[in-house]
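> The lines below spell out each chain.
Protein chains: 2
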Amino acid sequence: MAGVEIAILLFDGITALDAVGPYEVLAMVPGAQVRFVATERGAKRTARQAALALVADHTLSEIPRPDVILVPGGPGEAEARRNPEVLSWLRQAHETSRWTTSVCTGALTLAAAGFLDGVDATTHWSSMDDLAALGANPVTERVVVRGKVITAAGVSAGIDMALRLAQLEAGDDVAMAIQLILEYDPQPPFDAGSPAKAPAHVMEMVMDRSRRRSG
Amino acid sequence: MAGVEIAILLFDGITALDAVGPYEVLAMVPGAQVRFVATERGAKRTARQAALALVADHTLSEIPRPDVILVPGGPGEAEARRNPEVLSWLRQAHETSRWTTSVCTGALTLAAAGFLDGVDATTHWSSMDDLAALGANPVTERVVVRGKVITAAGVSAGIDMALRLAQLEAGDDVAMAIQLILEYDPQPPFDAGSPAKAPAHVMEMVMDRSRRRSG
Numbered sequence: 002m003a004g005v006e007i008a009i010l011l012f013d014g015i016t017a018l019d020a021v022g023p024y025e026v027l028a029m030v031p032g033a034q035v036r037f038v039a040t041e042r043g044a045k046r047t048a049r050q051a052a053l054a055l056v057a058d059h060t061l062s063e064i065p066r067p068d069v070i071l072v073p074g075g076p077g078e079a080e081a082r083r084n085p086e087v088l089s090w091l092r093q094a095h096e097t098s099r100w101t102t103s104v105c106t107g108a109l110t111l112a113a114a115g116f117l118d119g120v121d122a123t124t125h126w127s128s129m130d131d132l133a134a135l136g137a138n139p140v141t142e143r144v145v146v147r148g149k150v151i152t153a154a155g156v157s158a159g160i161d162m163a164l165r166l167a168q169l170e171a172g173d174d175v176a177m178a179i180q181l182i183l184e185y186d187p188q189p190p191f192d193a194g195s196p197a198k199a200p201a202h203v204m205e206m207v208m209d210r211s212r213r214r215s216g
Numbered sequence: 002m003a004g005v006e007i008a009i010l011l012f013d014g015i016t017a018l019d020a021v022g023p024y025e026v027l028a029m030v031p032g033a034q035v036r037f038v039a040t041e042r043g044a045k046r047t048a049r050q051a052a053l054a055l056v057a058d059h060t061l062s063e064i065p066r067p068d069v070i071l072v073p074g075g076p077g078e079a080e081a082r083r084n085p086e087v088l089s090w091l092r093q094a095h096e097t098s099r100w101t102t103s104v105c106t107g108a109l110t111l112a113a114a115g116f117l118d119g120v121d122a123t124t125h126w127s128s129m130d131d132l133a134a135l136g137a138n139p140v141t142e143r144v145v146v147r148g149k150v151i152t153a154a155g156v157s158a159g160i161d162m163a164l165r166l167a168q169l170e171a172g173d174d175v176a177m178a179i180q181l182i183l184e185y186d187p188q189p190p191f192d193a194g195s196p197a198k199a200p201a202h203v204m205e206m207v208m209d210r211s212r213r214r215s216g
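These protein sequences, in sequence, are chains A and B.
Sequential numbering of the first sequence, starting at 2, is according to our numbering.
Sequential numbering of the second sequence, starting at 2, is according to our numbering.
Hints were generated in silico from the structure; no laboratory data involved.
No experiment lies behind these values; they were computed from the predicted model shown.
For every residue, glycine included, the Cβ atom is placed at its ideal position computed from N, Cα and C.
Errors might be hidden in some of the hints.
[What the hints assert, rightly or not] No more than 20 Å apart at the CA atoms, straight line, and that leaves these computed lysine to aspartate or glutamate pairs for EDC-like:
| id | chain 1 | residue 1 | chain 2 | residue 2 |
| --- | --- | --- | --- | --- |
| 1 | B | Lys149 | B | Asp118 |
| 2 | A | Lys149 | A | Asp192 |
| 3 | A | Lys149 | A | Asp130 |
| 4 | A | Lys198 | A | Asp209 |
| 5 | A | Lys149 | A | Asp209 |
| 6 | A | Lys198 | B | Asp174 |
| 7 | A | Lys149 | A | Glu41 |
| 8 | B | Lys198 | A | Asp174 |
| 9 | A | Lys198 | B | Asp209 |
| 10 | B | Lys198 | B | Asp209 |
| 11 | B | Lys149 | B | Asp121 |
| 12 | B | Lys198 | A | Asp121 |
[What the hints assert, rightly or not] DEER-style ranges, computed between Cβ atoms:
| id | chain 1 | residue 1 | chain 2 | residue 2 | range |
| --- | --- | --- | --- | --- | --- |
| 13 | A | Gln93 | B | Val146 | 46 to 54 Å |
| 14 | B | Thr141 | A | Gly32 | 30 to 38 Å |
| 15 | B | Asn84 | A | Gly32 | 33 to 41 Å |
| 16 | A | Gln50 | B | Glu41 | 16 to 24 Å |
| 17 | A | Asp174 | B | Arg214 | 55 to 63 Å |
| 18 | A | Gly148 | B | Arg83 | 46 to 54 Å |
| 19 | A | Asp130 | B | Arg212 | 32 to 40 Å |
| 20 | B | Gly136 | A | Asp173 | 34 to 42 Å |
| 21 | B | Asn84 | A | Asn138 | 27 to 35 Å |
| 22 | A | Ser89 | B | Asp174 | 31 to 39 Å |
| 23 | B | Arg92 | A | Asp118 | 54 to 62 Å |
| 24 | B | Ser211 | A | Arg42 | 46 to 54 Å |
| 25 | B | Arg214 | A | Gly172 | 29 to 37 Å |
| 26 | B | Gly172 | A | Glu6 | 40 to 48 Å |
[Said to hold, decoys possible] To spell it out: a stretch of chain B is covered by chain A in this simulated footprint if at least three of its residues, at any positions, have a beta carbon under 8 Å from a beta carbon of chain A; those stretches are:
| id | region |
| --- | --- |
| 27 | 32-41 |
| 28 | 75-84 |
| 29 | 155-166 |
| 30 | 180-188 |
Using the sequences and the accompanying hints, generate a full structural model.
Written as structure tokens, this is what we have:
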């Protein structure tokens with residue numbers, strides 16, 4: 002992956018972990034160079050309580066042909082998806098990219114750019130209908146690789162996606178070494194991380210919260 | 002956890018995921034308010050390629066008595082640990098905190114502040130000797146809860162630690178709901194996330210890389 006440029010898109014209302022999980026993984030791929038990009042340079046407020054900002058060092062036009070495109074999600078994705086500058090950059094960059102990737106609702110941006118028409122893809126479990134409405138074929142898998150397009154499920158799935166990408170680009174040993182350095186040996190106190198695994202009453206709690214927010 | 006203030010320490014050379022993983026979890030605990038704090042307000046460069054900056058909105062003196070203290074790790078931790086302003090803030094805040102926590106080498110800062118003398122604690126697997134040298138009793142567990150002090154293993158362990166803390170503060174259902182929203186259903190391509198699980202030749206690769214960096 003020598004000399005490989007990785008562009009991670011930032012925007013206001015981003016879910017920080019969507020971007021930061023893959024960054025930690027991909028920045029350790031030998032020869033890879035991570036660039037955080039946005040329509041304008043500077044601090045982008047994150048979604049959760051707006052308690053944090055992530056700084057984009059580069060404008061989109063400064064990084065026109067990254068080897069890897071990564072589009073994170075978050076509440077601000079809906080606006081990013083409608084930004085002509087973002088879509089134009091994505092369409093141009095996708096022509097020459099080696100990998101075009103998304104985490105969580107970032108897949109909706111890829112779909113809006115026209116990359117997922119009839120293509121298997123995944124997103125956050127709560128956004129599968131939106132993904133279908135934008136023309137993709139939603140698949141309930143943690144990481145979906147189709148040609149050069151890789152989509153990941155919600156938020157934390159970006160870490161798994163990036164490890165898969167590290168494996169594809171640099172091989173098993175490098176990917177395992179990165180996993181070891183990040184001590185990614187998950188031991189959550191519960192096994193409730195997907196709709197299929199969470200108890201029904203917890204699923205109902207989350208859906209109810211989501212309905213109240215949309216209402 | 003109504004009205005609970007959570008202070009996450011930032012500094013140059015931080016490992017971004019150490020801070021951002023727990024932030025995503027803790028900001029969803031009902032009533033909790035996350036504050037990113039540093040000796041000075043503004044952007045702090047992250048460790049990996051210095052490709053990102055995280056913005057601290059608050060100085061330490063603005064948040065003197067947080068209910069939860071969280072100290073992340075990273076290459077910059079060694080300097081943070083020697084900063085009298087950081088140690089003084091920690092010692093004062095620890096007197097009234099409900100929980101004092103660390104991720105990765107952030108445990109070394111807690112030890113330097115004097116919170117871990119003879120206390121069971123954990124850190125990144127490669128820093129266990131340093132933790133012992135600072136007076137703690139290193140334990141090879143992903144999350145170690147001892148009284149009000151909670152330490153997590155390397156980098157990604159912060160997510161598990163924060164879920165445990167959410168569980169302790171807000172109960173099982175809330176912690177599971179947060180896990181579901183973050184779709185934290187880990188499926189890494191390998192099971193190589195700890196020295197006990199990684200193949201010997203991968204462990205050797207990582208140790209060799211670490212020796213070259215220190216040399």
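> All hints are to be evaluated individually against the structure, with a verdict given for each.
Consistency of the hints with the structure:
Distance hint between Lys149/B and Asp118/B is fulfilled; the C-alpha atoms sit about 14 Å from each other, no more than 20 Å. Only pairs whose Cα atoms come within 20 Å are accepted, and Lys149/A paired with Asp192/A is rejected, the gap being roughly 31 Å. Distance restraint check for Lys149/A and Asp130/A: the Cα-Cα separation of roughly 23 Å exceeds the 20 Å cut-off, and the hinted pair is therefore not satisfied. A threshold of 20 Å between alpha carbons decides the hint, and for Lys198/A with Asp209/A the separation of about 18 Å falls inside it, so the pair holds.
In summary, the hint linking Lys149/A to Asp209/A is not supported, as the alpha carbons are separated by about 37 Å, beyond the 20 Å threshold. Distance restraint check for Lys198/A and Asp174/B: the Cα-Cα separation of roughly 13 Å lies within the 20 Å cut-off, and the hinted pair is therefore satisfied. Taking the CA atoms of Lys149/A and Glu41/A, the gap is near 27 Å; set against the 20 Å cutoff, the hint is violated. A threshold of 20 Å between alpha carbons decides the hint, and for Lys198/B with Asp174/A the separation of about 13 Å falls inside it, so the pair holds.
A threshold of 20 Å between alpha carbons decides the hint, and for Lys198/A with Asp209/B the separation of about 40 Å lies outside it, so the pair is violated. Among the hinted pairs, Lys198/B with Asp209/B is consistent with the structure: their alpha-carbon atoms are about 18 Å apart, no more than 20 Å. Using a Cα cut-off of 20 Å, the hinted pair Lys149/B and Asp121/B holds, with the two alpha carbons roughly 12 Å apart. Between the alpha carbons of Lys198/B and Asp121/A the distance comes to roughly 33 Å, so the proposed pair goes past 20 Å and is violated.
Remark: the range hint 46 to 54 Å for Gln93/A to Val146/B is upheld by a beta-carbon distance near 50 Å. Between Thr141/B and Gly32/A, the C-beta spacing of about 33 Å keeps the proposed range 30 to 38 Å intact. A beta carbon spacing of about 34 Å between Asn84/B and Gly32/A agrees with the range 33 to 41 Å that was offered as a hint. The supplied range of 16 to 24 Å is met by Gln50/A and Glu41/B, whose beta-carbon atoms lie about 22 Å from each other.
Roughly 18 Å separates the CB atoms of Asp174/A and Arg214/B, a value that falls outside the hinted 55 to 63 Å. Taking the beta carbon of each, Gly148/A and Arg83/B are about 50 Å apart, inside 46 to 54 Å as hinted. Separation of Asp130/A from Arg212/B is about 51 Å and departs from the stated range, judged on CB atoms against 32 to 40 Å. The hinted range of 34 to 42 Å is satisfied by Gly136/B and Asp173/A, whose Cβ atoms lie roughly 39 Å apart.
Under the hint 27 to 35 Å, the C-beta atoms of Asn84/B and Asn138/A, about 53 Å apart, miss the expected range. In this structure, Ser89/A and Asp174/B break the distance hint of 31 to 39 Å, their C-beta atoms being roughly 44 Å apart. One distance hint, 54 to 62 Å for the beta-carbon pair Arg92/B and Asp118/A, holds here, with the actual separation near 59 Å. Distance hint check: the CB atoms of Ser211/B and Arg42/A are about 34 Å apart, inconsistent with the given range 46 to 54 Å.
Roughly 21 Å separates the CB atoms of Arg214/B and Gly172/A, a value that falls outside the hinted 29 to 37 Å. For the pair Gly172/B and Glu6/A, the supplied restraint of 40 to 48 Å holds, since their beta-carbon distance comes to about 45 Å. Chain A is given as covering the region 32-41 of chain B, and this holds because 4 residues of the stretch bring a CB closer than 8 Å to a CB of that chain, at least three being needed. With a cut-off of 8 Å between beta carbons, the region 75-84 of chain B has 0 residues touching chain A; three or more are needed, and the interface restraint is violated.
As drawn, the region 155-166 of chain B meets chain A at 8 residues by the rule of a beta-carbon pair under 8 Å; at three or more, the given contact holds. Look at the region 180-188 of chain B against chain A: 9 of its residues bring a Cβ nearer than 8 Å to a Cβ of that chain, three or more, so the hint holds.
Figure legend: structure checked against the earlier numbered hints; hints not met, in rising order: 2, 3, 5, 7, 9, 12, 17, 19, 21, 22, 24, 25, 28.
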